[in-house]
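Protein chains: 2
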Amino acid sequence: MNETSDVVVLRLGHRPGRDDRMTTHVGLTARALGADRVIFPDNAGGSLETVEDITDRFGGPFEAELTDSPKAIIRNWEGRIVHLTMYGERVQDVEDDVRGAHRGGEPLLLVVGSEKVSFDVYEEADWNVGVTNQPHSEVAGLAVFLDRLFEGEELEGEWEDADRRVIPMETGKRVEPADDADDQ
Amino acid sequence: MNETSDVVVLRLGHRPGRDDRMTTHVGLTARALGADRVIFPDNAGGSLETVEDITDRFGGPFEAELTDSPKAIIRNWEGRIVHLTMYGERVQDVEDDVRGAHRGGEPLLLVVGSEKVSFDVYEEADWNVGVTNQPHSEVAGLAVFLDRLFEGEELEGEWEDADRRVIPMETGKRVEPADDADDQ
Chain A
1 MNETSDVVVL RLGHRPGRDD RMTTHVGLTA RALGADRVIF PDNAGGSLET
51 VEDITDRFGG PFEAELTDSP KAIIRNWEGR IVHLTMYGER VQDVEDDVRG
101 AHRGGEPLLL VVGSEKVSFD VYEEADWNVG VTNQPHSEVA GLAVFLDRLF
151 EGEELEGEWE DADRRVIPME TGKRVEPADD ADDQ
Chain B
1 MNETSDVVVL RLGHRPGRDD RMTTHVGLTA RALGADRVIF PDNAGGSLET
51 VEDITDRFGG PFEAELTDSP KAIIRNWEGR IVHLTMYGER VQDVEDDVRG
101 AHRGGEPLLL VVGSEKVSFD VYEEADWNVG VTNQPHSEVA GLAVFLDRLF
151 EGEELEGEWE DADRRVIPME TGKRVEPADD ADDQ
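So the sequences go chain by chain: A and B. Just so it is clear: in the first sequence, position 86 is 86 by this note's numbering, and no numbers are missing. Just so it is clear: in the second sequence, position 169 is 169 by this note's numbering, and no numbers are missing.
Some clues are possibly wrong.
Note: identical chains are not told apart, hence a pair may lie in one copy or across any two.
[Stated by the list, open to error] Derived pair list, reagent style SDA-like, types lysine to any residue, alpha-carbon separation capped at 20 Å:
| hint | residue 1 | residue 2 |
| --- | --- | --- |
| 1 | Lys173 | Glu52 |
| 2 | Lys173 | Tyr87 |
| 3 | Lys71 | Glu89 |
| 4 | Lys116 | Thr171 |
| 5 | Lys71 | Gly60 |
| 6 | Lys116 | Asp97 |
| 7 | Lys71 | Arg164 |
| 8 | Lys116 | Arg57 |
| 9 | Lys116 | Arg21 |
| 10 | Lys116 | Pro168 |
| 11 | Lys71 | Glu123 |
| 12 | Lys173 | Asp20 |
These aren't lab readings, by the way, just hints derived from the structure by calculation.
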C-alpha cells in the first residue's frame, strides 16, 4: 500500500499471558492485509518479536513497534482515527467515508481494543466502527475492515525482501525461496 | 442466511489452554458473520459454552456442537468442503466458484485448522483457499472468507430470540432490550 497514506494499527490494552496470541494475531493480520505498521503496548514484547520474525522471513515492508503511551499515540495522531468497536456505527455505512479520507491523503490510525476501552477513545476517534454490532473477535473485525478499506487490493501486494514465498496450490504445500533471497 | 444452504464451520484441532480463545473466536466469528453452525473438537467444551451463552443473549439462529471425530464430519459431509489454509489457492481466484456452488444449493463445510493439518484434509477439500498466502490468523481468514462468500449480506441479518441488542452509535455505547425479549 506504498502509494497511499499510512495505515497504522494500534493495539490498545494487553494482558500478558492471556492476550499473547490475540495481540500477535492482530499484528500478523495488520501485516498480511495491507497495513503499514502495528503499535503494541510495551508489555507485548513477545508479539513484537513474532511479527518481526514473520516479516524477516515472508517480507515487508511492515513495521512493528512498542509504545509506553498508547493514549499519546491517539492524542498526537496527525490524520484520522478509526476505533473498531461492536458499539460503533455499521461498517457498511461508514466505510466509504473512511476510504475517501484515506485516499484523499489522510493517514489512518486503526485502534483495536482488547477488554474495556475508556470513553475518551470513543471521543477521540473520528469514527467508531462496528464490524457487526455483535460480540466476536477484534482480529476478525480488523480483517474485514482492512479488506473493505482496500477493496481487496491488499491481496495483490508484492512482498519485498522475503526469503521464502508460498506458492498457491490446489492441493498440498509449496514453499520456495523468494526470487530476491539471493541478494540477501 | 436462512434462505440458503447451510454454512458450517469445523474447527480442526484444539489444544486446551493454549487455543481456548482462538477457538472461541472462531466460533463467535462464524456466528457474527453469517455461518449457521460451528463444530468444535470435543476437548473445547469451554468454547462451546461461551458461544452458546452469546447466542442466548444476542440471538440466533446459530448452533454450536462438539464432535469426537472431526475427520468423520469431513468424510461424511454432503456438500462442498473449503479448507482455509495459507498454502491454498488465492481467495480472490476461487471465491466466485465457491459462492456459485453454495447459491446453487450445496451446503458448505469450512474447515479451519489450528496447528499442522494432516494431508488428507487437503485431499478431501474441494477447495484449499488462502486468504493471502501469508501467515496470519485463522480467525482473520475465516472472517474475510465469510464476508466475501456472502458479499456483505451477512451484515444485514436479523437476530432472533435475542434478549439484548446493541444500537450502532457515533460515540458511546447503547444496549437495549431486544423487541422480542418480552416474549421470552
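Verification of the hints:
In the homo-oligomer, the alpha carbons of Lys173 and Glu52 never lie at most 20 Å apart, since the shortest distance is 23 Å inside one protomer and 35 Å across protomers. For a Cα distance limit of 20 Å, the shortest separation of Lys173 from Tyr87 across copies, 5 Å, qualifies, whereas the shortest one inside one copy, 40 Å, does not. For a Cα distance limit of 20 Å, the shortest separation of Lys71 from Glu89 qualifies neither inside one copy, at 22 Å, nor across copies, at 40 Å. Taking the shortest alpha-carbon separations for Lys116 and Thr171, only the inter-copy value of 15 Å comes in at or below 20 Å, while the best intra-copy value is 42 Å.
Proximity of Lys71 to Gly60 under the C-alpha cut-off of 20 Å is found in neither arrangement, the shortest distances being 27 Å within a copy and 37 Å between copies. In this assembly of identical chains, the alpha carbons of Lys116 and Asp97 never lie at most 20 Å apart, being 26 Å within a copy and 41 Å across copies at closest. Proximity of Lys71 to Arg164 under the C-alpha cut-off of 20 Å is found in neither arrangement, the shortest distances being 37 Å within a copy and 31 Å between copies. With identical chains, the CA atoms of Lys116 and Arg57 are at most 20 Å apart between copies only, with a shortest distance of 19 Å across copies and 34 Å within one.
In the homo-oligomer, the alpha carbons of Lys116 and Arg21 lie at most 20 Å apart both inside one protomer (18 Å) and across protomers (17 Å), since each shortest distance falls under that limit. Within a single copy, Lys116 and Pro168 get their C-alpha atoms only as close as 39 Å, which misses the 20 Å cut-off; across copies the closest is 17 Å, which meets it. Proximity of Lys71 to Glu123 under the C-alpha cut-off of 20 Å is restricted to the intra-copy arrangement: shortest distance 12 Å within a copy versus 49 Å between copies. For the homomeric pair Lys173 and Asp20, neither the shortest alpha-carbon distance inside one copy (28 Å) nor that between copies (27 Å) is at most 20 Å.
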